[in-house]
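Starting from the structure of chain R, add chains V and Z where the hints point.
Chains as they are written, first to last, in the working numbering: chain R, 1 to 343; chain V, 1 to 296; chain Z, 1 to 551.
Worth flagging that the hints you see were computed from the coordinates, not collected in a lab.
No experiment lies behind these values; they were computed from the predicted model shown.
C-beta: ideal position from N, C-alpha, C; glycine also.
Wrong hints could be hidden among the right ones.
Said to hold, decoys possible - Below, simulated DSBU-like cross-link-like pairs (lysine-lysine); rule was C-alpha separation at most 35 angstroms, straight line: (1) R/Lys43 / Z/Lys364; (2) R/Lys61 / Z/Lys397; (3) Z/Lys92 / R/Lys43; (4) R/Lys43 / Z/Lys531.
Unchecked claim - Over 12 angstroms on every C-beta distance to chain Z, these chain V residues come out as not near it, computed from the model: (5) Leu67; (6) Phe97; (7) Leu102; (8) Phe117; (9) Tyr120; (10) Gly123; (11) Asp126; (12) Ala128; (13) Val157; (14) Gln192; (15) Ile211; (16) Leu237; (17) Trp248; (18) Leu256.
To be verified - Pairwise CB distance ranges, derived in the manner of DEER restraints: (19) Z/Ala207 / R/Phe161: 51 to 59 angstroms; (20) R/Gly73 / Z/Lys163: 56 to 64 angstroms; (21) V/Lys183 / R/Tyr67: 53 to 61 angstroms; (22) V/Ser68 / R/Tyr67: 50 to 58 angstroms.
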Amino acid sequence: MSLRSYVIARVLLTIPMIMLLLTFVFLVVRVLPGDPASLHFEKQVSPEMLLDFKRRLGLDKPLIVQYFEYLAGLLRGDFGKSMQDFSPVSQQIFSAFPATLELAIFSSIIMVLVGVVLGVQASRSYNSVRDHSIRVFGITSYAIPVFFLGEVLIMIFAIYFHLFPAGDRIYPGMAPTGLTIGGLNWSSGLYVLDSILEGNPTKLGVSLRYLFLPSLTLGTVLCGIFIRLTRGNMLETLQLDFVTAARARGLKERTVVYGYALRNAFLPILTMMGLQFAALLAGAVLTETTFSWPGLGRYLVDRISFRDYTAIQGVVLFFGLLVAMVSLAVDIIYAYLDPRIRF
Amino acid sequence: MSMKKEKPQGRILVQFFPSLANLASRGLAGWAILIGAAIVAVMAVMTVVAPWISPYNPIAINVGPLLSPPSSEFPLGTNHLGQDMLSRVYSGGAIMFQVAVLSVIVCLAVGVPIGLFASYVGGYTDKAASLVMDSIYAFPGLVLAIAIAAMLGPGVVNMALSIAVVYVPSYFRIIRSQVLTIKELPYVEAAQMMGAKSRNTLFSYILPNVIPSIVAIATINFADAILTAAGLTFVGLGLPVSTPDWGWDLTYGRRLLPSGAWWVIAFPGLMVVLLALGFTLMGEGLSELFNPRLQK
Amino acid sequence: MQGILIVVILVVIAAVGYYATLPAPGPGPTTTATTPLTTKAGKGKLVIDWWYESSGHYPQSADQAAVYKAQLERTGLITVNLHAADWPSYKKNRDAEMMPMYVYGWYPDYLDPDDYIFPFLHSQGGGWLHMNYKNPAMDKLIEQARAISDPTQRNQLYQQIQKIMVDDAAIVPVFQSSAWAVTKPDVGGVVLDITQNMYYWLITPPAGKDTLVVGTTDSVETNIDVAEAYDFFGLNVVLNTGAGLVYIKPGSGAGPEDFVPGLATKWSASADGLTWTFDLRQGVKFSDGTGFDANAVKYSFDRSLSLYLEDSSQAGIGYKDIIDSVEVTSKYQVVFHLKIPFAPFLSLMAFQGSFIVNPKIAPKDAAVNYVEGNARASNPNDLGPYLLTSWTRKAGKDYEMKYDVNPNYWGIADGYPKTKHIVTRFYSDATALALAMKSGDVDMAFRQLLSSDIKSLQADSTVKVWQGTGAFIQYICFQEKIAPFDNPKLRQAIAAALNRQELVDTVFLGQAVPLYSMIPNGMAFHQDSYKTLGDANISFTVSVLQELGYG
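So that you can see chain R by itself, here it is in the shape it has in the complex (with noise of 0.2 angstroms):
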């Protein structure tokens, strides 16, 4: 199958899993014992009220009416409107998305810094102690459940050595402004990019600061995965046959490790990276919580709290949109690479 085929062939085969999200989502929370309407009342309501209150929200609609008037909503783009407190949801998740991404960003960055640096450690020094106990340290770290290690972060760095803030992810008057030119201002709402676009070094350090120790903790939780993996890869392709004519031509071993060797081992960290974008969402849920960073993670989970239908369902949406284009791109570079892949 040619490539283009193969790619069309993945995105019409994304719509299906789409709708079955959307549709899974959508009864599920209406499942959920409990509803928005009856939340808004913290004390007395009478019945007829309550009823007014419920048409408000549009729940008085049957099921089906109002699956599809949701659906129209999404075809123009509109997430519809919270359904406690009526801002759109769209605004709210673009406002929360820049947050969680942020730490999405710089929680890789670790991952991988950490994952590729330590499983290079571990494969030059072949079943030594080392690599022993870098092997250990990555199953280790994994089997952390990232709240806890969250909070010991917090409870020596923050509370104790007063390193590094507690939570949230900076304090009011703090936050960047972003690109300012002229009258117009552009914000991309990642505050270590908006603080470079603004030129304030302070605020720069500010958020990098806010920063570290929420992406510590899900980079850490989540490195075990890139250090086996670029261990294993190092230690094929430390064995083939160009890396030892590389090395009989006098090559810095630094050179063929890290020219040579982890060139081979980039395609498939690349691809893991993109496999673990859902663990990573999944992970940034519970660390969002943990350090108070007012990410999506965090809204989704208040919002099940208070049964906010349309939020939910569009912050899922949204995950789910977010998760298959990862993996489309994913599947997409690996086809382009490896034809054998394309069904």
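Coordinates of chains V and Z only, in the frame set by chain R:
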């Protein structure tokens, strides 16, 4: 009458029973399994004998001063309700084990048959099953578990079910890839050509070869189930507070950190890490052993 | 290698064997040895399925449940099975009437004993709790008590009401929480009274600063429109940016003599209680310079009553059942015509639901909601000590609010507000807030902190902890549709087994007060009625239960 092939069963027998002791000689993988198994065994025993070795009833309140640090009288301290942390650490794992075991059973009961059937039959059944499983697999697991746990309400069975839903696709994928490989093996084709019925082929040939992978992934599933159970409790979907539960101590212990009471979160947390580690070591060791290049 | 494995297995077997031979531990120090009589063909123990709310809506509800369970099981005749439900499920269960016993909480709308009696013990007023409690004699007494203004007569009525409350034992008050605030040592003027209001304008900032940074875990639930806001925090914003006709004197006990002028300088009621006349303060201006007069008052009330939004305080309290119409009799005089004589009417006017909005910002036909980036358009309250100058939300949650002095405020001549600028920062939970207070990120922390946090802050010399009377109460409800909880004697027995002091000491570290009546401590007509049943009155409980066949 199907031809009983020694090969598939034999492979397992050789690797399981007589040679547990040989594990250590199989290098790091063997050690990993031994140590992991030992950890799990010790914790299981601890949980079982907890009622006898606990100095206090783990849910009895005010057995000691509120929130007191580890001392000779209360080696692991007391929590905010005056409950003895040592007793809670002894009994808190019971729930973890129950949830993990239950979720693995459900996964096996659901994932294995579907995986075997769909991949063996192939065609549209396989495509449809793969579609559904891929959708679930691609989705951030915890979010799905949260949604299902919220839907079903608190309880051991409900938690196990929500975890099981998240992990069934992993079983499905592993089995499917194994089945697809084994299906092509010459001796299986030969058996079919000689008139062996599908069901027999499935059970006598394919299933035995798939079992090692199932064992490996089930073991890792235990670890994941424990971590997910703790995660669900953390977001408030755990069991009623009348069951001693490490997950609850973790959740509550967090709120006691600003006042300096580190012991409430530290010891149960260590236990969870140890238990998950034990299973993970076993699982990793087993996957290395059975298939050194077993990809996730 | 084989050897090591064998050793490990042997050790494990030995350990199991050793511990298996140990005797099982006896009853712990908290259980009392009671020998139940076995003469009757016993029903066995009374099994109670007790539900508690698990998502943190009420403070430390899981801890409370653990304590209740322990206390009831001390009788030896009760088994308590705990069930957890998150807030939405809990509410659903309440409406489905399937929880035999459940805990609920209440904070007042207006400060009058009626607001603690009518929504609970009156068959219609208490309908929202779904307890299925109905006592026509009680209904009559309550209706009488809310119509009469004479304190002596009301006192007599409330005595009777509270006595029947214990006889029927349909609802059991447990504790009243104290109000807490934590500030930096040089912050002053924090008043924590029974209204639970946070009067920003009385607070003096830290030395050398003119801004006060307040941290909280609350947030605005709907909006800050007088016609819809009904949550604690939203109402507090209304209090500080808006104004009402009268106020309850800060720091007072909210008694009948404690009303002070607000936008009204004089008031009087007709003899039959159906007409209230208010003379208004002159020279007050809205933020855009328009003068305040009686028309604004009429506009505000007409608007709330015609909108009558389902989740508004007006609908919840039932303004329409009380107020018939509002009449402008002169530029600075307004008259309220009531449908029924309502003794707590002044309390109702002091409540934020009766505050006055700016007619130019609050349209007649819609509520004013949060507008991204425009605090002015998000806030129809205009006449108070502060103007809301900034309100930002991130990811759907309140992030920061900024208040500045209102130059048109009538109290400026008297030196109020004491702090020129207030900044409110929102924290996601008590832990985050406690840490922020400890590290000095905020000057003041108000709602909510855990008892353990407050306790450790009390020992911290870098902060000052303020305590005041609380108005938030928690109580236990019985579902009278489920036997045997339809039996008042059984309910009394269960109530008697509770130990309020132990609960307060264990769960709240002494930071709450035991409560023996639905009317809170410190409020008029309060009586410690439930003391007749006693605390931890195990013998009473056991004898009643045995009488009923349990054991």
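Cross-check of the supplied hints:
{"no.": "1", "hint": "R/Lys43 / Z/Lys364", "result": "25 angstroms, holds"}
{"no.": "2", "hint": "R/Lys61 / Z/Lys397", "result": "29 angstroms, holds"}
{"no.": "3", "hint": "Z/Lys92 / R/Lys43", "result": "14 angstroms, holds"}
{"no.": "4", "hint": "R/Lys43 / Z/Lys531", "result": "28 angstroms, holds"}
{"no.": "5", "hint": "Leu67", "result": "7 angstroms, violated"}
{"no.": "6", "hint": "Phe97", "result": "16 angstroms, holds"}
{"no.": "7", "hint": "Leu102", "result": "19 angstroms, holds"}
{"no.": "8", "hint": "Phe117", "result": "37 angstroms, holds"}
{"no.": "9", "hint": "Tyr120", "result": "38 angstroms, holds"}
{"no.": "10", "hint": "Gly123", "result": "43 angstroms, holds"}
{"no.": "11", "hint": "Asp126", "result": "39 angstroms, holds"}
{"no.": "12", "hint": "Ala128", "result": "34 angstroms, holds"}
{"no.": "13", "hint": "Val157", "result": "14 angstroms, holds"}
{"no.": "14", "hint": "Gln192", "result": "42 angstroms, holds"}
{"no.": "15", "hint": "Ile211", "result": "23 angstroms, holds"}
{"no.": "16", "hint": "Leu237", "result": "7 angstroms, violated"}
{"no.": "17", "hint": "Trp248", "result": "8 angstroms, violated"}
{"no.": "18", "hint": "Leu256", "result": "6 angstroms, violated"}
{"no.": "19", "hint": "Z/Ala207 / R/Phe161: 51 to 59 angstroms", "result": "29 angstroms, violated"}
{"no.": "20", "hint": "R/Gly73 / Z/Lys163: 56 to 64 angstroms", "result": "58 angstroms, holds"}
{"no.": "21", "hint": "V/Lys183 / R/Tyr67: 53 to 61 angstroms", "result": "40 angstroms, violated"}
{"no.": "22", "hint": "V/Ser68 / R/Tyr67: 50 to 58 angstroms", "result": "56 angstroms, holds"}
Going down the numbered hints, you'll see the structure goes against 5, 16, 17, 18, 19, 21, while the others check out.
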